[in-house]
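Participant: Work the whole structure out from these sequences, hints included.
Under my numbering, the first residue of the sequence shown carries the number 1, and numbering increases by one thereafter.
Keep in mind that the hints were calculated from the coordinates and are not lab data.
Do not rely on the hints blindly, as some may be mistaken.
Said to hold, decoys possible - Listed next, the in silico DMTMM-like pairs over lysine to aspartate or glutamate satisfying Cα-Cα at most 20 Å (straight line):
id, residue 1, residue 2
1, 251, 327
2, 164, 214
3, 55, 198
As the list claims (entries may be wrong) - Listed next, with one range per pair, are the computed distances between beta-carbon atoms:
id, residue 1, residue 2, range
4, 135, 467, 47 to 57 Å
5, 493, 549, 28 to 38 Å
6, 389, 494, 41 to 51 Å
Source: prediction; values computed, not measured.
Backbone N, C-alpha and C define an ideal beta-carbon position, used for all residues, glycine too.
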Amino acid sequence: MNRKILQKYKDLKYRYKIALLTIAAGILPVIIIVAYMQTGMIRQLKERETDSMDKSVNQAVESIENQVQIYENLIDYLSYSQDLRNVLSQKESRDYETYIRYTDVVDPLLEMPLVYHQEIKGITIYSDNIEVAHGTTLIPMSEIRDQEWYSRLTGRSLLEWFVKRGADREIVAARKFYGNEDISAVLEMRLDYAKVLEPFSNLLKDNTGGLVFDAEGNVVYSSYSMEPDYRPEKAESLEYLRENYVCSEQKMSNTDWTFCIYRPEKIITKSTYLLVMRNIPIIGICIILLAALSYFFSKRLVSCLERLTENMNQVHLGFRKVTVHSDSKDEVGTLIRSFSRMMDELDKLISEVYEAKIELQHTEMRALQAQINPHFLYNSLSIINWKAIEAGEDDISRVTLDLSTYYRTSLNRGETMTTVESEVNNIRAYLRIQLIMHDNSFRVIEDVDEAVYGCEIPKLILQPLVENAIDHGLDPSEKDDRQLWIIVKEEQDMLSFIVRDNGNGMPKEQAEQILGYQSPGYGVHNVYDRIKLLYKEKGSVTIESREGEGTSVEICIPKQIDEPQERSGIETA
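Facilitator: See the structure below:
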């Protein structure tokens with residue numbers, strides 16, 4: 001590698017060599033200074049960002065801790081309530097009296113906190129003295145074993161905190177009551193998972209992630225809001241996050257939970273790189289000035305050699321006329337005159353070799369183009385189909401036939417127009433392949449008016465819409481019944497093609513951007529451009545979408561087409 005670089009340097013003109021040496025002498029100190037400043041700025045930014053993250057997580061933990069303290073005080077208040085203890089210590093009594101006591105004493109006492117604290121989802125007391133459950137507030141102790149957190153109760157403190165993750169996420173505070181050294185009752189307070197951790201989750205934006213785990217190392221909360229390039233591979237591994245991200249940790253005393261927020265170091269140092277990028281034009285101007293000065297000083301030294309070299313380059317490009325002359329008797333003059341005599345002798349040979357090379361290239365290109373034959377693809381797919389039938393692989397046979405149908409229609413012998421029937425058959429073959437690839441995870445519903453089968457339309461206008469609906473609408477959706485509609489109909493001498501799905505949908509602003517110049521994809525936008533190019537104002541492409549409900553794309557074109565521009569070669573140009 002170094003030898004190639006050295007050889008390239010040797011092959012440069014003397015003028016450029018002098019320019020490079022001058023630029024190197026001037027730019028090298030600048031690069032050293034910029035590198036030193038960049039390192040210092042990165043270090044300072046990292047320290048500032050770490051301090052900012054520390055303050056943010058401290059504030060969030062303090063807010064959650066204050067709120068948790070309120071819940072603990074409320075639990076203590078209920079635990080030491082004499083009315084509640086009297087009810088829990090009540091021995092056998094008549095059912096009606098027990099019901100009245102529960103209704104008049106326990107229900108108001110346990111339901112009042114729910115009124116003032118919306119994040120409290122419910123309060124339940126499990127007790128040995130309760131024989132029959134009273135709603136969700138008083139439950140026999142025998143039923144507590146059905147709770148996930150009960151097996152994790154320890155004897156280290158009266159009040160313990162647990163987290164239930166999954167579909168029914170919630171935070172549980174369990175307060176134990178002892179009688180004769182055994183647990184006689186347990187007060188359970190269920191808290192809204194999202195609301196309690198909201199001060200912490202609000203920090204997780206702009207490429208920031210968060211992790212919360214308890215004293216045993218169990219993950220309480222894990223989430224991040226990051227661009228795909230920065231997302232962690234192990235979002236619930238604290239060791240991995242410490243090694244690959246800038247982390248800030250804070251422990252909450254009353255629950256023994258540890259809160260950690262993390263950000264990619266590249267994001268933190270991004271501003272320094274932007275600053276360096278802003279300075280690049282200044283460095284570029286300096287390089288231009290140095291190059292101009294070196295060019296000026298070297299021009300007079302190597303002007304004769306430059307002219308000879310330029311003439312030789314022209315000869316290399318096919319201009320065989322000698323334009324440089326010299327009457328000096330030094331080495332350069334002798335070289336120029338020798339070059340002129342040699343060119344007269346070699347002109348014919350150079351012409352023959354050059355023209356022969358061009359003809360050879362044209363011949364090779366024609367041979368290469370001749371090899372591109374779509375019939376080879378069809379024949380290959382046909383062989384695969386027969387081999388699949390012989391082996392009894394019906395699925396492979398069907399997919400091969402569908403693929404052959406799809407490409408036969410797509411290539412269409414180079415034509416850019418097709419019929420509605422051909423386009424519909426093409427999309428059916430494409431969907432059969434997609435259904436096999438997706439294990440029939442969605443349904444296709446067709447509503448096609450066969451009366452318009454003979455109408456002529458641009459080819460491949462439905463496939464990009466269907467592909468977009470599957471990739472961005474149905475695949476990300478978690479619905480059980482995912483559906484895709486293909487609708488082709490005639491409305492007042494207009495052909496209407498509708499592709500609709502019941503997937504995730506998108507915001508209105510994002511739907512409007514799909515047909516704009518800054519569209520992130522090119523499939524649907526390409527269809528839009530072709531429709532506008534062929535039919536001007538008579539053709540239209542509209543997108544309607546709602547988040548959580550799905551997306552609908554409709555193409556409207558005139559039924560009667562005289563002579564579309566696409567046939568004249570506009571698309572293939």
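Participant: Please list, smallest to largest, the hint numbers that this structure does not respect.
Facilitator: 1
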